[in-house]
Amino acid sequence: MKDNSLSNILNQHNSNEQIDGQLYTLNLGPTHPATHGIFQNVLTMDGERILHAEQTVGYIHRAFEKISERRNYAQITTLTDRMNYCSAPINNFGWHMTVEKLIGVTVPKRVDYMRVILMELARIGDHLICNGVTGMDAGAITGLTYMFIERERIYDMYEQICGARMTTNMGRIGGFERDFTPKFHELLKDFLKTFPARFAEFGQLLERNRIFMDRTIGAGSISAERALSYGFTGPNLRATGVDYDVRVAQPYSSYEDFDFIIPVGTSGDTYDRFMVRQQEVWESLKIINQAYDNLPEGPFHADVPEFYLPEKADVYKKMEALIYHFKIVMGETDVPKGEVYHPVEGGNGELGFYLVSDGGRSPYRLHFRRPCFIYYQAYPEMITGSVISDAIVTMCSMNVIAGELDA
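Following UniProt numbering, the numbering of the sequence shown begins with 1 at its first residue and continues without gaps.
Source of the hints: derived by calculation from the structure; they are not laboratory data. One thing to keep in mind: the hints can contain errors.
Unchecked claim - Restricting the straight-line Cα-Cα distance to at most 25 Å, the calculated cross-link-like pairs of lysine-lysine (BS3-like) are:
(1) 189 with 286
(2) 327 with 101
(3) 66 with 327
(4) 101 with 337
Please model the entire structure based on the sequences and the hints provided.
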């Protein structure tokens with residue numbers, strides 16, 4: 001194995017070849033706008049050339065996995081959406097599906113389709129920010145400002161579902177707290193009608209822009225073999241040419257009902273990562289249209305009274321409703337013993353929940369498989385030998401989100 005230690009690199013680097021005869025140490029982060037979050041990279045540099053990089057995470061470690069051992073299953077939802085807060089509903093629904101797998105609940109078909117619509121809206125919002133900021137870090141801020149408007153329209157739809165916009169706490173174990181509102185239907189129809197033209201305009205700004213292409217093609221490339229060895233998933237893996245997508249490999253929430261393709265790249269560089277996300281937005285629109293056009297009738301929640309709060313009017317009048325309300329709020333519901341893992345295709349790749357239950361009212365152990373934490377390990381390898389400006393756009397195109405680095 002190649003020795004990439006700092007001492008070995010310094011020994012091999014001829015001081016006579018250095019720009020001014022000495023090397024420099026540069027802290028990129030933890031508090032720097034270009035890092036898009038609180039994490040640090042200690043760079044050893046010869047002028048602008050990066051010779052060695054060492055990353056540091058943990059600045060916002062919140063101990064979510066340990067907190068979960070002292071929270072009931074419903075309360076953990078609010079922890080999940082604070083990881084990748086750019087696509088929070090996917091985190092929420094992934095957790096709910098994990099619990100449903102443990103307790104053996106099958107949700108109504110309508111719930112599946114409602115979740116798919118919201119997860120794909122979340123994926124679009126996530127990709128808009130990643131690609132918009134990639135353009136900004138390459139010097140083109142206009143596209144990002146317009147895409148923020150589109151993300152706000154998605155947040156308006158979130159607000160109709162759960163009353164929140166960014167950290168959503170969306171849905172419930174077994175389904176939803178309430179059905180789609182008339183206002184949600186109005187907002188979604190308008191979005192599906194007007195968003196494609198606006199997103200196409202964003203693509204015209206960057207996709208074939210010679211300056212943007214020169215800045216991103218070849219920057220931060222990684223091979224499919226190396227990406228797989230690190231455990232890459234999601235757009236960062238697909239940009240290398242590997243067509244792995246959890247929605248197809250291990251379908252959940254009725255994704256097998258929908259017709260869509262998996263965009264892939266070839267070189268695994270910044271431009272390919274950008275283009276894979278661009279194409280995924282179009283595929284997400286296709287999925288949303290299919291799910292909405294074929295939205296089944298029926299209940300919006302499974303019959304699991306142990307996890308679904310009864311109507312407040314019933315709580316005031318019926319003893320059984322009052323008892324269930326108390327048990328749910330106070331976390332008095334035991335779950336079966338067992339060990340489950342459930343993955344979903346998050347905005348950044350395979351987001352997984354490994355849950356161990358000892359039959360109590362809280363998880364015995366809970367581990368979040370956070371795609372950011374996994375693929376960020378490759379960042380030093382991807383930027384070594386490049387210049388600082390390439391390191392910035394590489395980080396952005398990977399969509400490194402500090403909330404998902406630290407569970």
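Structure-based check of all given hints:
1. 189 with 286: Holds - the C-alpha atoms of residue 286 and residue 189 are around 13 Å apart, at most 25 Å.
2. 327 with 101: Measuring from Cα to Cα gives roughly 21 Å; hence the hint holds.
3. 66 with 327: holds (23 Å)
4. 101 with 337: holds (12 Å)
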